[in-house]
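These protein sequence lines map, in sequence, to chains A and S. 851 is the number that this note's numbering gives to position 48 of the first sequence; each next residue is one higher, with no gaps. 571 is the number that this note's numbering gives to position 539 of the second sequence; each next residue is one higher, with no gaps.
Calculated from the structure, these hints are not laboratory results. One or more hints might be untrue.
Derived pair list, reagent style DSSO-like, types lysine-lysine, alpha-carbon separation capped at 27 angstroms [as the list claims (entries may be wrong)]:
(1) S:Lys266 <-> A:Lys895
(2) A:Lys979 <-> A:Lys895
(3) A:Lys979 <-> S:Lys266
What the simulated footprint calls covered on chain S by chain A, stretch by stretch (three residues with Cβ under 8 angstroms from a Cβ of chain A suffice, anywhere in the stretch; the number is not a length) [what the hints assert, rightly or not]:
(4) 301-314
(5) 675-683
Between beta-carbon pairs, the in silico distance windows are [stated by the list, open to error]:
(6) A:Thr853 <-> S:Gly611: 30 to 40 angstroms
(7) S:Leu670 <-> A:Asp899: 34 to 44 angstroms
(8) A:Arg898 <-> S:Pro270: 34 to 44 angstroms
(9) S:Leu670 <-> A:Arg902: 32 to 42 angstroms
(10) A:Pro811 <-> S:Phe423: 19 to 29 angstroms
(11) A:Gly973 <-> S:Glu576: 33 to 43 angstroms
(12) A:Gly998 <-> S:Leu670: 52 to 62 angstroms
(13) S:Leu42 <-> A:Ala912: 34 to 44 angstroms
(14) S:Ala692 <-> A:Leu841: 35 to 45 angstroms
None of these values were measured; they are calculated from a predicted model. Ideal placement from N, C-alpha and C gives every residue a C-beta, glycine not left out.
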Amino acid sequence: MSLQRRHPGLNLGAAHQEADDASEVLVFGFWVFMMSDLIVFGLLFATYATMLGATAGGPGPRDLFDLRSAFVETMLLLASSFTFGMASLALKYRRDRGRLLFWLGLTLALGAGFLGFEVHDFLAMIAKGGAPSRSGYLSAFFALVPLHGLHVTAASLWLVVLTVQSLVFGLDTRVKTGLLRLGILWHFLDLIWIGIFSFVYLAGLA
Amino acid sequence: MSGGATWDPLLGRLGLDALPFWSMIEHPTRPEIVNGSIATAAASVVVLGALAVVVLVTRKGWWRALWSDWLTSVDHKKIGIMYVVLAFVMLARGVVEAVLMRAQQAFGLGGGFLSPEHFGQLFSTHGTIMIFFVAMPFLSGLINFVMPLQIGARDVSFPVLNSISLGLTAAGAGLVMVSLVVGRFSTGGWSGYPPFTELAYSPGVGPDYWIWSVTLSSLGSTLTGVNFAVTIYKQRAPGMHLFRMPLFCWTALCTSILMIFAMPPLTVATLLLALDRYAGFHFFTTTLGGDMMNYANLFWLFGHPEVYILILPAFGVFSEVFSTFSGKRLYGYSSLVAATMVIAVLSFTVWLHHFFTMGQDADINAAFGIATMTIGIPTGVKVYDWLLTLFRGRVRLTTPMIYALGFTVLFVVGGLSGILLANPTIDFQVHNTLFLVAHFHNMLVPGLLFGMLAGYSFWFPKAFGFRLDERWGRISALAWIVGFMLAFFPLYALGLLGMPRRMVAFFQPAYLPWTIAAGLGGLVILFALFSLVVQLRVSVGAREANRVPVGDPWDGRSLEWATAAPPPEYNFPVLPEVGSRDPFMTAKEAGAAYQEPEAYEDIEMPANSALGALLCLCGGAAGFGLVWYLFWLVVPALAVALGALIARSFLRRTTRTIAAGEVRRTHRHWLAEVSRTAAVTRAGECDVRNRGRAVPAALEAAE
Ligand code: HEM
Ligand SMILES: [Cu+2]
Chain A
804 MSLQRRHPGL NLGAAHQEAD DASEVLVFGF WVFMMSDLIV FGLLFATYAT MLGATAGGPG
864 PRDLFDLRSA FVETMLLLAS SFTFGMASLA LKYRRDRGRL LFWLGLTLAL GAGFLGFEVH
924 DFLAMIAKGG APSRSGYLSA FFALVPLHGL HVTAASLWLV VLTVQSLVFG LDTRVKTGLL
984 RLGILWHFLD LIWIGIFSFV YLAGLA
Chain S
33 MSGGATWDPL LGRLGLDALP FWSMIEHPTR PEIVNGSIAT AAASVVVLGA LAVVVLVTRK
93 GWWRALWSDW LTSVDHKKIG IMYVVLAFVM LARGVVEAVL MRAQQAFGLG GGFLSPEHFG
153 QLFSTHGTIM IFFVAMPFLS GLINFVMPLQ IGARDVSFPV LNSISLGLTA AGAGLVMVSL
213 VVGRFSTGGW SGYPPFTELA YSPGVGPDYW IWSVTLSSLG STLTGVNFAV TIYKQRAPGM
273 HLFRMPLFCW TALCTSILMI FAMPPLTVAT LLLALDRYAG FHFFTTTLGG DMMNYANLFW
333 LFGHPEVYIL ILPAFGVFSE VFSTFSGKRL YGYSSLVAAT MVIAVLSFTV WLHHFFTMGQ
393 DADINAAFGI ATMTIGIPTG VKVYDWLLTL FRGRVRLTTP MIYALGFTVL FVVGGLSGIL
453 LANPTIDFQV HNTLFLVAHF HNMLVPGLLF GMLAGYSFWF PKAFGFRLDE RWGRISALAW
513 IVGFMLAFFP LYALGLLGMP RRMVAFFQPA YLPWTIAAGL GGLVILFALF SLVVQLRVSV
573 GAREANRVPV GDPWDGRSLE WATAAPPPEY NFPVLPEVGS RDPFMTAKEA GAAYQEPEAY
633 EDIEMPANSA LGALLCLCGG AAGFGLVWYL FWLVVPALAV ALGALIARSF LRRTTRTIAA
693 GEVRRTHRHW LAEVSRTAAV TRAGECDVRN RGRAVPAALE AAE
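Using the sequences plus the hints, can you model the full thing?
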């Protein structure tokens, strides 16, 4: 069994027999769900692209974006993907829960940092007259970027729930398969953010 | 919140004028009284109907059973049945509304009896209900019931998610029903096009009812699609290769894939419209850079695949029906599979044909027109395959077969009118006329609806253990066919004469004979619906005589017929080993059906869960609160939903074990029943001789 990969991404492997079996269906199902979610982001990117010119005389990217802040956000989120990766490795290869919880805690902190910067950015934009009701362009921005933030919030909540469960139940099958799926979501959100950073922020200021 | 009108923190926008009879009391003019009385009567039917159900359940002492055997059940068969019940309830409303519209237009020369506002609500609710709360639940229900049985599984991959999907769909349907009693529905059609549905032009609650009911249903359908697709990929019995699956499973798979990719555009469209209406965004408004073309693209990016979500399962049903009632293997299995997949892929490449007239240049229109026409090719392949399945078969004209034959002829007619519409130059002439209405009903009624009704009569004995009355079934099928032709063929003529769709009245005497004919067709359709009710009533009354406990009333070919009717919760005592296509027929012909397994094992089944029912309540409450600006209701409803999801994830024991001994007992009991039952030839298929044990066609010839 150990050579056979059950699904794309990190596999738990034979040492986790029961959880590895359970992940067959659960993780596959989650991948399928992610495809559906990807469509949502794809459509919002497309909407954003068509509305680039629809500023209606209001402020545009140059008036509103703070590239330094967006860069910090990018670094925080990329780092959180790395720490989640370390958490996954700890889950797969280490028996002690402590190391896993350490990496998960770090991931959560980085995610919270990202969200903090992002909310700050949004408030700053609104203060500069860039509220979503100002123009079609800003509407499109505020549908796309905060939706990503909302996903990060949900993923962080999920992380908290799984952490609590690992303290209550230990690393049982449900916690392990939950972490596998959360990992997929977390890296997915990282990818979406790279899209946002490139197409929204960099291209907007270029 | 830029609610526009004033609203109260406690009552939101609710006021006495939300009651359907309020405006006729305030302005007792003749038209107000006519429209108010119709609306009030409809509202009373909803309220009294709900009350009657509550009284009946209480009087019979069914609450406990309703809760623990149905509402909290995660058994795919029960969820499937509940979906179909929902679909039938909503179908009744949808058909009554349709007949009311036909009546209005039969009297519509110079006015008619309905107000434009009332007529607008009618076509909007009718369209919304028929698509989201009849068609979608019906096909989700049939797939839910049949597909796991056909692939030899015990349940779907995610049984609790399945019950949540049902809950979300039911909550959406509930909102549409509530809109009949409190407030009014949208007048923006089933497609809800802005800017008409924006706050500036439709300040009332109507579009909000539409937005939230459709959003709930689209979320439910997305999750259903994920669930079905994963089930088909991961839950097939040993030996059930993809290319051994019955065709219905293939269509279920393609429909699920379409749901996964095509429901999100709808969710995005409705939610962006909600942002416009609730938070002052400018996606589709006429000012500040809003652009409704984005809505048109989003909506039809969903809308066109949606029509294939609707039709593919019907194709699946007809494939099963044709081969079963011709006593033959399905002709051209591989080509049918390929055609299904080609249709699924092409369905994403044609959405623009829904707005040929909205400003793109001729080249783009031509490209999409050609893409549209190519869908005719795989569809044609299917029709020939079905005809060749009939060819030299021993065809039995049972109820499902009558639907199937009606479908074959009428669907081709509808397809031809579709090919006409696919040509942009022709579309420019007839778009937005009744020609279009005739075309899509010509696909949806003989295609989708007949398919679902055929599936209902085909699998009903499997679900409930007794056959439906054949006489009333045939009457109903014929009435649907005749009624459909009478109600919709005149609309082709009306469309060519230039009569616009969605028009409450007209001033062209030339239209009148046609609208009267269509009105008569509406009455025949009403009769068809009535005969379905009679059929059910008669069949329930005569159920003892028509029981088919052995479970194979139609000399079936696939695995769902290999188990008892109704099947045990776990479907199969041991998972079947599949060695061929049509595995049950192969077993019957080899005399290897109804065997006792070598050993029985404990079976683990998912335990009941109240999560679906709870999310149904939360979704409905949140939707209602959003419609009426009762934000004190929205926040706790969403909080409870989230809390319940988290609490559920803390549950560690989510399954229940059925002991091997019990499985053995049940199975032996059934096997004894089988050997007691005389096998029946097809001559006795539709009478009391049929107890559900069939002499397989191949052996019948030898006998
Ligand atoms: C059972 C018999 C049916 C009758 C008599 C009927 C009748 C009608 C009528 C009179 C209209 C309004 C046409 C107009 O715009 O002037 C309409 C619209 C519509 N119907 Fe049906 N219908 C039937 C079944 C169905 C079914 C089964 C479906 C879908 C599954 C369906 C979906 C629609 C849709 C989507 C609209 C468009 C609503 C809009 O304009 O937004 N109908 N129908
Ligand atoms: Cu289309």
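Each hint, compared with the structure:
1. A C-alpha spacing of about 24 angstroms is found between S:Lys266 and A:Lys895, which places the hinted pair at or below 27 angstroms, so the restraint holds.
2. This hinted pair checks out: A:Lys979 and A:Lys895 have alpha carbons roughly 9 angstroms apart, not beyond 27 angstroms.
3. A distance of roughly 20 angstroms separates the Cα atoms of A:Lys979 and S:Lys266; the hinted pair therefore holds under the 27 angstroms criterion.
4. Judged by the Cβ-Cβ criterion of 8 angstroms, the segment 301-314 of chain S is covered by chain A as claimed, because 7 of its residues qualify and three suffice.
5. Coverage of the segment 675-683 of chain S by chain A holds [criterion: at least 3 residues with CB-CB distance below 8 angstroms; count 3].
6. Range check, A:Thr853 to S:Gly611: Cβ separation about 54 angstroms, and the 30 to 40 angstroms hint is violated.
7. Between S:Leu670 and A:Asp899, the C-beta spacing of about 38 angstroms keeps the proposed range 34 to 44 angstroms intact.
8. Under the hint 34 to 44 angstroms, the C-beta atoms of A:Arg898 and S:Pro270, about 35 angstroms apart, fit the expected range.
9. Roughly 36 angstroms separates the CB atoms of S:Leu670 and A:Arg902, a value that falls within the hinted 32 to 42 angstroms.
10. The hint said 19 to 29 angstroms for the Cβ distance between A:Pro811 and S:Phe423, and at roughly 46 angstroms that hint is violated.
11. At about 55 angstroms, the CB distance of A:Gly973 to S:Glu576 disagrees with the hint of 33 to 43 angstroms.
12. A C-beta distance of roughly 28 angstroms is found between A:Gly998 and S:Leu670, which places it outside the suggested range of 52 to 62 angstroms.
13. Checked against the hint of 34 to 44 angstroms, the C-beta distance between S:Leu42 and A:Ala912 comes to roughly 41 angstroms, which is consistent with it.
14. The given range of 35 to 45 angstroms is respected by S:Ala692 and A:Leu841, whose C-beta atoms sit roughly 44 angstroms from each other.
Comparing the model with each numbered hint stated earlier shows that hints 6, 10, 11 and 12 do not hold.
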